[in-house]
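In order, the protein sequences belong to chains L and E. Counting with numbering that gives the first Met the number 0, you get residues 0 to 248 for the letters of the first sequence. Counting with numbering that gives the first Met the number 0, you get residues 0 to 313 for the letters of the second sequence.
These are computed hints drawn from the structure, not numbers from a lab. A hint or two may mislead.
Said to hold, decoys possible - Derived lysine-lysine pairs resembling PhoX-like cross-links, with alpha carbons at most 20 Å apart: (1) E/K109 - L/K216; (2) L/K50 - L/K228; (3) L/K245 - E/K273; (4) L/K216 - L/K1; (5) E/K109 - L/K228.
Unchecked claim - Part of the chain L face toward chain E, derived, beta carbon under 10 Å: (6) V19; (7) V26; (8) L178; (9) T201; (10) L202; (11) E205; (12) I209.
We treat Cβ as the ideally placed atom computed from N, Cα and C, and that holds for glycine.
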Amino acid sequence: MKRILVGIKRVVDYNVRIRVKPDGSGVLTDGVKMSVNPFDEIALEEALRIKERGAADEVVVVTVGPADCQPQLRTCLAMGADRALHVQTDTPLEPLATAGVLRTLIEREQPFLVLLGKQAIDDDNGQTGQMLAALWDRPQATFASKIELTEGKAQVTREVDAGLETLEVDLPAVVTVDLRLNEPRYVKLPDIMKAKKKPLDTLTLESLGITPRAQLKTLRYEPPAQRSKGVRVNDAAELLAALKHKGLL
Amino acid sequence: MNPNILIVAEHDGRTLSVATAKCVACATTVTDAAVTVVICAADATDLAQQAATLAGVGTVLTVEHPVHAHPLAAAIAAQIAALAAPYTHVFGPSSTFGKDLMPRIAALLKTVQVSDIMAVESATRFRRPIYAGNAVLTVEVLDGAQVVGTVRTASFQPVAGGGSAHIEAAAPVVEPPHHTRFVSVSAARSDRPDLQSAARVVSGGRALGSAENFQLLYGLADTLGAAVGASRAAVDAGYAPNELQVGQTGKIIAPELYLAIGISGAIQHLTGIKDARTIVAINKDPDAPIFEVADFGLVGDLFEIVPQLQKLLG
Ligand SMILES: Cc1cc2nc3c(=O)[nH]c(=O)nc-3n(C[C@H](O)[C@H](O)[C@H](O)COP(=O)(O)OP(=O)(O)OC[C@H]3O[C@@H](n4cnc5c(N)ncnc54)[C@H](O)[C@@H]3O)c2cc1C
Ligand SMILES: Nc1ncnc2c1ncn2[C@@H]1O[C@H](COP(=O)(O)O)[C@@H](O)[C@H]1O
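Isolated chain L (complex conformation) (with noise of 0.2 Å):
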């Protein structure tokens, strides 16, 4: 069985403005729209269109977080996820943490691809995929905006600061995806009628023998600097003479 395992997190919406609340404990999530995170959704796009060329078999997404999750791992059952897997936990893990339940996963799947976004946006860690890839003492391509297969291999090509790098891979491999690598489906209603009857299995920390230690402790939220507000000009020649006024010209 060719096998994808994809990633999944849960996330504040895209759309949604962001807000820490008055006592720097968190920001505000209550009655946000949650979603799942953007790159983890072109990720499973991605392992769709392998599957559908013929290149894998099945793909099963997975995600590591409390009970309300379940809607968004619906959501990937019903853009075409096989199954889906459902770590369930209450205290949100560290990266290293969220790396070491997949290594886990791994094991059990044994998958020939692990597809996951590049980053999380709400805590823009950007860190589990390389994670996983070093305890698993496999490949890593980052940022990925195109992967071709070939036998036993991958062909990735890369957005870096410095344009596009192409790297090869030996499979299995860890890749992270980046927006440009495809747009995802949109979900239709017979798809999510079939997605309630697609298996849902529900894993606990315990179960997969994992006690996870944090190493990194919040002490304050607190929002961003703010820029004052600015000034209005009528034409081109006021704005050069503003700009000339403070030295920037």
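Starting from the structure of chain L, add chain E with the ligands where the hints point.
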């Protein structure tokens, strides 16, 4: 134990990236820290000389191996992890080089990573942005754990030259992995200033409408001696290459002057320019969110205004 900080140098084989000097700046804000820069390269001779002049650096370590002709995270991480034991902190830049590499090092060291350090409060306490910069966290590393960190380069000024660190060769102790091979890189070299370090940036959005129209901005940028940037919409539409993207998933920049032309100002874009000293917005929609952060806003049609600016700048 005093902080002993190892910085993984970023370079292109010939020149040390300015991001490395910014990592040194970050490291020297840790009280009483000793700073070592490690260079993994095929030939590290010139690079080591450059690193040795960075103010605040005590030691430069070189690791020479043909595999380091290209920056492969798997190869560099194995090397750094093998020599990291004496260090309390291992830092790299939060460029794509550092973002790719540092978590792999952290996992090999079984330790925590603090991403995008924007300020150091103590050897164990750091400030970092989350939610695309809409909140700032203060975090404490627990139980004396080794700290791996990426340094948000837009938050630090590069250290000056004039130092004279001593240079040491470190033996390449580990056999590099064979599972990852470099194939190619699109070296989009240009004579224009580099987007990440330019003092002035002219950036265009979806409003430009075509790659051809986008050339308008290159003209203005040349007149101003500025680098060119773009919104994601402009890159996605093919008006500009991906390495010009500014924002949460592109480059985070801090120029003296940023001109946003035909860019609406989505939060993901604003994340990339929060630290610009002066922001200018040109947009035909008076209610565009970009005006909320602009120091100077000009409402109007860019296709009229940009040529006027060109003409006035003469
Ligand atoms: C996870 C995620 C990450 C993202 N990362 C980034 C990122 O790194 N960088 C980024 O930029 N975006 C990013 N985005 C996309 C972002 O949300 C916006 O979609 C994007 O920034 C919009 O680009 P734009 O301002 O060019 O286009 P639009 O929003 O379409 O704005 C075009 C603007 O041009 C103005 N205009 C039109 N015609 C004219 C004219 N003739 N003269 C003057 N003004 C005119 C319009 O009034 C409008 O304000 C990300 C999105 C997601 C979901
Ligand atoms: N709790 C989680 N469960 C499953 N996958 C995750 C989780 N957290 C992160 N990931 C994956 O790792 C990627 C990078 O996340 P991060 O390192 O947190 O920025 C995400 O895009 C997901 O694909």
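Query - Hint consistency between L/K216 and L/K1 [alpha-carbon to alpha-carbon, up to 20 Å] - result: Violated: L/K216 and L/K1 sit about 40 Å apart, past 20 Å.
Requested in this report: Take a quick look at whether E/K109 and L/K228 sit within 20 Å of each other, Cα to Cα.
Outcome: violated (45 Å)
Query raised in the report: Under the criterion of a CB-CB separation shorter than 10 Å, is L/L202 in contact with chain E as hinted?
Result: violated (22 Å)
Query raised in the report: Was the hint right that L/V19 lines chain E, CB cutoff 10 Å?
Result: Holds - the Cβ of L/V19 comes within 10 Å of chain E, reaching about 5 Å at its closest.
Query raised in the report: Minimum Cβ distance from L/I209 to chain E below 10 Å?
Result: Because about 14 Å separates L/I209 from the closest Cβ in chain E, which is outside the 10 Å limit, the hint is violated.
Query raised in the report: Per the CB criterion, is L/T201 less than 10 Å away from chain E?
Result: violated (26 Å)
Report task. Starting from E/K109, check that the Cα of L/K216 is at most 20 Å away, please. Result -> Since the Cα atoms of E/K109 and L/K216 sit roughly 17 Å apart, the hinted pair holds (cutoff 20 Å).
Query raised in the report: Do the numbers back the hint for L/E205, that is, is its least Cβ distance to chain E under 10 Å?
Result: Where the cut-off is 10 Å and the nearest Cβ of chain E is about 21 Å from L/E205, the hint is violated.
Requested in this report: Sort out whether L/K228 lies within 20 Å of L/K50, counting only the CA atoms.
Outcome: violated (51 Å)
Query raised in the report: Can we keep the L/V26 interface hint, with Cβ of chain E closer than 10 Å?
Result: At 6 Å from the nearest chain E Cβ, L/V26 passes the 10 Å test, so the hint holds.
Query raised in the report: Holds or violated: is the Cβ of L/L178 closer than 10 Å to a Cβ in chain E?
Result: holds (6 Å)
Query raised in the report: Are the Cα positions of L/K245 and E/K273 separated by 20 Å at most?
Result: Distance ~19 Å between L/K245 and E/K273 Cα, so the pair holds.
Checked against the numbered hints above, the structure violates hints 2, 4, 5, 9, 10, 11, 12; every other hint is satisfied.
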